[in-house]
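Start from chain A and add chain B according to the hints.
Top to bottom, those sequences are chains A and B. Residue 1 is where the first sequence starts when you use my numbering, and the numbers rise one by one after that. Residue 1001 is where the second sequence starts when you use my numbering, and the numbers rise one by one after that.
Nothing false has been slipped in among the hints.
Selected chain A positions facing chain B (in silico; Cβ < 8 Å):
(1) T54
(2) F94
(3) I109
Sample of chain B residues lacking proximity to chain A, with all beta carbon distances greater than 10 Å (derived):
(4) I1145
(5) T1268
(6) T1441
(7) Q1630
(8) G1728
Since the hints were derived computationally from the structure, they do not count as laboratory data. Idealized CB from N, CA, C, for every residue including glycine.
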Amino acid sequence: MSLSEVLLETSGVVVRFGGNTAVSDVGIDVRAGAVTGLIGPNGAGKTTLYNCITGMQRPNAGRIVFDGRDITRLSPGARARMGMARTFQRLELFLSLSVRDNVRVAGDIVRANTRRRVDVEAETDRVLELTGLTDIAHLDVSDIPTGRARVVEVARALMTQPRLLLLDEPASGQTEQETELFAQLLQGLADDGLAVCLVEHDLPLVMRLCSRIHVLDHGVLIASGTPAEVQASPAVVEAYIGAEVVA
Amino acid sequence: MTLFMTFTVLGLVLGAVYAIAASGLVLTYNTSGIFNFAHGAQAMIGAFLYYQLQAVWGVPTIVSVALMLLVVGPLMGFLLHRFVMGGLRDTAEVTKIVVTVAILLGFVALSQWAWDPQEARMSKMFFGADSYVTVRGVTIRYHEIICLLAAAGIAVGLRLLFTRSRMGVLMRATVDDPDLLRLNGHDPERVAGLAWALGSTLAVLAGILITPVAGGALEANALTLLVIDAFAAALFGRLRSIPRTFVGAMVLGLTSTYLVAYAPSEWTWVTNLRDALPMIVLFVVLLVLPQDRLRGAAVRTRERYEVPTVRRAAVWAVVMVVATVAFRQLIDDSSVGTLILGLSFAIIALSLTVLTGYAGELNLAPVSFGAIATIVAFHSGISGTGLAARMNLVGLVAGVLAAAVTGALVALPALRLRGLYLALATLAFGGFVSSMVLRETQTRSWFGHDFAIFPNGNLIVSPLAVGPLDFADQNTFLYSAAAVFAVLGVGVVALRNSGYGRRLAAMKDSPAAAAMLGQRLVRLKLSVFMVSTAIAGLGGIFMSMALTSVTSEHFVYVLSLSLVMLTVVGGIGYVSGALFGGLLAGGGFTLVVGTFNELSIEHPVHAETFGILSHSFLVMTALVGIGVAQNPSGNFFEIFHGQRTLARAPEVRYTALAVTVLLYLLAYAEVIGTWTFGILVVVLWQALPALGRALRPDRLLSQDELAARAATPLELLGVDTPYPDRLGERLDRELGLPARHRQVTPVQSVVIAADHSSRPEEGVRHVTV
Chain A
1 MSLSEVLLET SGVVVRFGGN TAVSDVGIDV RAGAVTGLIG PNGAGKTTLY
51 NCITGMQRPN AGRIVFDGRD ITRLSPGARA RMGMARTFQR LELFLSLSVR
101 DNVRVAGDIV RANTRRRVDV EAETDRVLEL TGLTDIAHLD VSDIPTGRAR
151 VVEVARALMT QPRLLLLDEP ASGQTEQETE LFAQLLQGLA DDGLAVCLVE
201 HDLPLVMRLC SRIHVLDHGV LIASGTPAEV QASPAVVEAY IGAEVVA
Chain B
1001 MTLFMTFTVL GLVLGAVYAI AASGLVLTYN TSGIFNFAHG AQAMIGAFLY
1051 YQLQAVWGVP TIVSVALMLL VVGPLMGFLL HRFVMGGLRD TAEVTKIVVT
1101 VAILLGFVAL SQWAWDPQEA RMSKMFFGAD SYVTVRGVTI RYHEIICLLA
1151 AAGIAVGLRL LFTRSRMGVL MRATVDDPDL LRLNGHDPER VAGLAWALGS
1201 TLAVLAGILI TPVAGGALEA NALTLLVIDA FAAALFGRLR SIPRTFVGAM
1251 VLGLTSTYLV AYAPSEWTWV TNLRDALPMI VLFVVLLVLP QDRLRGAAVR
1301 TRERYEVPTV RRAAVWAVVM VVATVAFRQL IDDSSVGTLI LGLSFAIIAL
1351 SLTVLTGYAG ELNLAPVSFG AIATIVAFHS GISGTGLAAR MNLVGLVAGV
1401 LAAAVTGALV ALPALRLRGL YLALATLAFG GFVSSMVLRE TQTRSWFGHD
1451 FAIFPNGNLI VSPLAVGPLD FADQNTFLYS AAAVFAVLGV GVVALRNSGY
1501 GRRLAAMKDS PAAAAMLGQR LVRLKLSVFM VSTAIAGLGG IFMSMALTSV
1551 TSEHFVYVLS LSLVMLTVVG GIGYVSGALF GGLLAGGGFT LVVGTFNELS
1601 IEHPVHAETF GILSHSFLVM TALVGIGVAQ NPSGNFFEIF HGQRTLARAP
1651 EVRYTALAVT VLLYLLAYAE VIGTWTFGIL VVVLWQALPA LGRALRPDRL
1701 LSQDELAARA ATPLELLGVD TPYPDRLGER LDRELGLPAR HRQVTPVQSV
1751 VIAADHSSRP EEGVRHVTV
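One chain only, chain A, in its complex shape (with noise of 0.2 Å):
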């Protein structure tokens, strides 16, 4: 798996904030078929290097290089009819639209794109199946928990066919048993070839789920490795429990 091809990799990113440094000189890399993670302790600069890889936020320096392409000044569309797609930290919902509705419109979107006679409606039948909504696919997309609503938005990502799927805490405000479901569907969609990076507070999950994993903190990426090699870094320790208590 370690032999698997990059797919995306940044290299110098630098994002400011007035003088605030958020991002400082980042070079992380996210490989096809395997879940790659991206931790740190809140503030660390993980949601802004997420919206430099979609082109939400332009780079104060840097190149970010998509499928062996420059995609640094390429607009977020652009990204993602490239085979990108994302979930959102703060989630981005069509709050006017049903579940299954959001989940189709994606699939609309890429017909659209595309020219390509999709069967939009069977392709959603099959998305709502694997990441398990159909039972609440007729529902208003307001009036489902939280956690599920990340499941919907992850769905939407997948209805465009994408080769890379960045997630932000997909899965704060799911309960055990949906984090349980949400690790396998995952762990499937990596096997069968999809780049997944995740951004996740819940370290178990993550250190289960990836194969690497990169480590911000205050904008700086103090370490990148395996589960292991991360777990027994001094710096990482140090990040998340403070260096008096290792002291």
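Chain B in isolation, oriented as in the chain A frame:
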């Protein structure tokens, strides 16, 4: 050189007044997040009140000014904030804009009520026009010096307020995060209220200062528009920066006066250009504004629209055409024209259903697109002469296409930006059409062709003739208009139910998420804007044919604004909302005001009462528009919601239908009048949900409501309290009841909870011991 200096001074003075007006706008926008389209109307009211105090009642100038700036201005702002703007939290941008538009219309109606527009009034300069100083041959009036000083003072004052004072910092914080401000022990409402008071005062000051500079005539519509010109200046500062707003205002003022001073005299259109200049500048600024960053911003607003199926829409379309035919039998021939006009406006309003209801964008000048369509149809599609002249299909299609293409041109610069900017672009377009296009009444050479765009300021638009359909016959026209609306209505619903419609909804709800799924936002917005303006163009041509002869008066901005407002009142997400808005804007006003006029002629003793009623009707309409803040989904949402509850008691509906038919027959036999029929039918159907509940409580009320109605025995009061499931489970456990019972409990609770429309886990049961 003297000429140059003179015009420089004039330009700076105009710029100074624009700056005062624009800074008030920026202030309120930045503290409440509401772009105040009524800012110009507030200035207008201020100018009128000052005139009343100073010129009519003879209050000394200094006292009048003090009263206006220290009492009237702040009070107006405070009241607006307290009773209107404060209620606009958690509403969509469209709702916010429409509420301020309603205030604008209300102020215009009020001013025309209080000050008869037929009477000429002149506002004088401070110290009169004859008090001036001469500097190197350049005459500067005292009034002009006051304008410049006031602007300079305000510039410095606002700068200090925002950077140095605690209140200024709080004002800036209010927009960024009112909740955080509240947590820090401040009251964001109080801060926003103060900002509104200050903003209104600046509007009033601008109104008082600008009227004499602009010639002195007090005319409600013109004055309102004059301060709307300041919008362009505010955009210079991207609605945020006060210094840049001042620079923009000066550039605007100077360009405007230099244009008049130095344009060659054979350019007869230059005065028109000067009038249109702020709107053109506004447009150019939109072109150069940087693109907004895509942010996640999906928040649940209070608007709710339900989407009917195409089948249901088709049924209602048939009902609507049948009702039109039936209603036609009740009214006399002279009223048919009004009804056609109403339906034409309803078609224009349908363009808003698509654009605003489905895509969340706003067009504040739909009628101006109708004007473009009319002009193109007039030039390309009239065949025959005199009474035999007819519009052909080519003209109709050309007009509709022209409206769509114009729509694309207008929308393009604003599409990269937020919804507010598209609204401003359309407003600018409306201003441009009124001051440039519709004033092109003379024949002039266009690329070698002699041609008048709007010949003699009056177009005779002949009725359409297609195959056997000849709109010269009023009945044919009426039924065709109804059929066109019905077909378009079904088409619009079908559009919403298609993949395209879902993409529109996605874009409206969360542009960020839609873009991240690969949606090209600009392309989608452009296409929907073109569809929308095409529909507006069609409606515009119908409107012009209904009027037969149209002048620039028929395309004024107030009309567009009224239509937008009334459609939102009806419910902008619904085809029925468009019908309501269109009928009222196109026919209802004429009809009601006309009826009151007739009544006052018939009963001269009560003429004054009828006059008051007629005026208050106009003001009331604006109040209803302001009421959108309370009910942002529009009236039809409530009505549909109410009617749907009747589904369990169809006999109530059938009875109401029978009563309606009976009333119709009575009206047809002229036992009751048409007005009586109309009012009774509306009241009947409005009250039906309530009537149904009173008559058939067993069918229409839920278990809980019935239980609440049934009197609880006194000794059980207090025992009959809801308690959560887990208490029930504990009870079962302790009483040793079988597990089966326990398993059933959650299911029961779900069923009951569904009635409470709350979550299963929060389900509660009522248990009467």
